[in-house]
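Q: Here the protein sequences line up with chains Y and E, keeping their order. Reading the first sequence from the start, the letters are residues 6 to 60 in this note's numbering. Reading the second sequence from the start, the letters are residues 6 to 199 in this note's numbering.
It should be emphasised that the hints constitute simulated quantities derived from the structure, not laboratory data. Glycine is no exception: its CB is placed at the ideal position from the N, C-alpha and C atoms. Careful, some of the hints might be misleading.
[To be verified] Calculated cross-link-like contacts (lysine to any residue; reagent style SDA-like; alpha-carbon spacing at most 25 Å): (1) Y:Lys43 with E:Asn99; (2) Y:Lys37 with E:Tyr141; (3) Y:Lys11 with E:Ala80; (4) Y:Lys37 with E:Thr139; (5) E:Lys142 with Y:Gly38; (6) Y:Lys37 with E:Arg106; (7) E:Lys142 with Y:Ala42; (8) E:Lys142 with Y:Pro47; (9) Y:Lys37 with E:Ala103; (10) Y:Lys37 with E:Tyr169; (11) E:Lys142 with Y:Pro17; (12) E:Lys142 with Y:Arg25; (13) Y:Lys43 with E:Gly144; (14) E:Lys136 with Y:Trp44; (15) Y:Lys43 with E:Leu21; (16) E:Lys136 with Y:Ile13; (17) Y:Lys43 with E:Asp168.
[What the hints assert, rightly or not] With beta-carbon atoms standing in for the labels, derived distance ranges: (18) Y:Leu57 with E:Asn164: 35 to 41 Å; (19) Y:Thr26 with E:Asn187: 27 to 33 Å; (20) Y:Leu57 with E:Ser100: 39 to 45 Å; (21) E:Ala103 with Y:Lys37: 36 to 42 Å; (22) Y:Thr26 with E:Leu60: 20 to 26 Å; (23) Y:Val20 with E:Ala80: 21 to 27 Å; (24) Y:Val60 with E:Asn187: 37 to 43 Å; (25) Y:Thr48 with E:Gln57: 49 to 55 Å; (26) E:Gly198 with Y:Lys43: 52 to 58 Å; (27) E:Gln57 with Y:Glu10: 37 to 43 Å; (28) Y:Ile41 with E:Ser158: 52 to 58 Å; (29) E:Asn187 with Y:Lys37: 27 to 33 Å; (30) Y:Thr26 with E:Ala103: 28 to 34 Å.
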Amino acid sequence: MNLYEKIIALYPSLVEQDFRTCIRLQNDADEKGSYIAKWEHPTLPRPTDEQLGAV
Amino acid sequence: MSKLVLSGDTSGSVTLESPAVSGTTTLTLPTTSGTVLTSASTITPSTGTVTQASLATGVAGTGPAFAAYQSTGVALTAATYTKITFQTEEYDTNSNFASSRFTPTVAGYYQINGAWQFGSGGTVTSCAIYKNGTVYKEGAGTGGTAGYGGTVSSLVYFNGSSDYVELYGYASSAKTPLATINATYFNGALVRGA
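Can you make the complete structure from the sequences, with help from the hints?
A: Dropping the structure here:
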C-alpha cells in the first residue's frame with residue numbers, strides 16, 4: 006500500500022483534487038520515497054507516522 | 006619612445022606614442038571613419054569580447070541551453086508529485102544539466118519547458134517546474150482513456166550559482182511516462198541576461 010492509499014484509508018472523504026490543492030505528496034526519485042510535502046487541509050489533521058504505519 | 010602630438014581644435018592635444026619595442030610593428034588604420042575603442046567602450050579592448058549586456062537588440066547570445074528526454078520509463082506514484090528522471094541528453098551546451106536537474110552557471114532569465122505523456126487509462130494529470138526543491142509553476146494536464154499527460158512552460162530566473170529546476174509529474178493513478186524523445190522531455194535556454 007503506497008502513501009496515497011494509506012491516507013485514503015485513513016480519510017475516505019478525501020478526493021483526488023485535494024492532492025493537487027491542499028495536500029501535496031512528493032517523491033524526489035531518491036531513496037527517501039514518497040512523503041507529505043504539504044498538508045493544509047481545512048478540517049483533517051495531518052496524519053502521524055504512527056497512524057500511517059498502522060494502516 | 007617617439008611621440009606625435011596632435012593639437013586639439015580649440016585646446017588640449019592628443020599624443021600618439023610608440024611603446025618600447027625592439028622589432029617593427031605596423032598599426033594599420035581603417036579606411037572608414039570611426040572611433041578607436043577605449044576602456045570605456047562596450048567591447049573589451051584587449052580581447053575584443055562583447056559582454057552579454059552590450060549585445061545589440063535582436064542579437065542572441067551563447068548562453069546555456071539544454072534538452073533531455075526520458076529514454077527509460079520510470080513510473081509516477083499515484084497522486085504524488087514525482088520527479089521525472091531523464092536518462093538521455095540531446096544537448097547540454099554548458100554542462101549545466103546533471104541528475105535530471107538544470108543548474109545554470111550564468112545568471113539570467115531562462116525559458117524552461119517540460120512535458121510527459123502516458124499511453125492509456127484515464128487519470129488526472131499535471132506537470133510542474135520545481136525550483137530549488139519546491140513547486141514553482143504548474144501546467145495543465147489532460148488525461149483521457151487514450152492517455153495524454155501534462156505540459157508546463159515558464160520563464161525562470163536563475164542566480165547563476167545555486168538556483169536549479171527539476172520537472173515533476175502528477176497522475177491520480179500510477180502511470181509510467183512514454184519514454185521517447187518527443188513525449189517526455191525537459192529543455193530550456195537563456196533568453197535574457199541578469
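Q: The hint says 52 to 58 Å between Gly198 of chain E and Lys43 of chain Y; measuring C-beta to C-beta, is that right?
A: violated (34 Å)
Q: Quick one: are Thr26 of chain Y and Leu60 of chain E within 20 to 26 Å, going by C-beta?
A: violated (43 Å)
Q: That 39 to 45 Å hint for Leu57 of chain Y and Ser100 of chain E (C-beta), does it hold up?
A: 41 Å Cβ-Cβ, so the 39 to 45 Å window holds.
Q: Is the hinted pair Lys11 of chain Y and Ala80 of chain E satisfied, with a Cα-Cα distance of at most 25 Å?
A: holds (19 Å)
Q: Given the hint that Lys43 of chain Y pairs with Asp168 of chain E, test it: the Cα-Cα distance must not exceed 25 Å.
A: holds (22 Å)
Q: Check whether the Cα positions of Lys37 of chain Y and Arg106 of chain E lie no farther apart than 25 Å.
A: holds (17 Å)
Q: Is the hinted pair Lys43 of chain Y and Gly144 of chain E satisfied, with a Cα-Cα distance of at most 25 Å?
A: Answer holds: Lys43 of chain Y to Gly144 of chain E is near 19 Å, not above 25 Å.
Q: Take a look at whether the Cβ-Cβ distance between Ile41 of chain Y and Ser158 of chain E falls inside 52 to 58 Å.
A: The hinted range 52 to 58 Å is violated for Ile41 of chain Y and Ser158 of chain E, with Cβ atoms some 28 Å apart.
Q: Is the straight-line distance between the alpha-carbon of Lys37 of chain Y and that of Thr139 of chain E 25 Å or less?
A: Judged against 25 Å, a Cα distance of about 16 Å means the pair holds.
Q: Is Lys37 of chain Y within 25 Å of Ala103 of chain E, Cα to Cα?
A: Satisfied, since the Cα-Cα distance of roughly 19 Å is no more than 25 Å.
Q: Honestly, do Thr26 of chain Y and Asn187 of chain E meet the 27 to 33 Å range at C-beta?
A: At roughly 31 Å between Cβ atoms, Asn187 of chain E and Thr26 of chain Y fall inside 27 to 33 Å, so the hint holds.
Q: Is the Cα-Cα distance between Lys37 of chain Y and Tyr141 of chain E 25 Å or less?
A: Between Lys37 of chain Y and Tyr141 of chain E the Cα gap is close to 22 Å, so the pair holds against 25 Å.
In the structure shown, a violation is registered for the earlier hints numbered 1, 11, 15, 16, 21, 22, 26, 27, 28, in ascending order.
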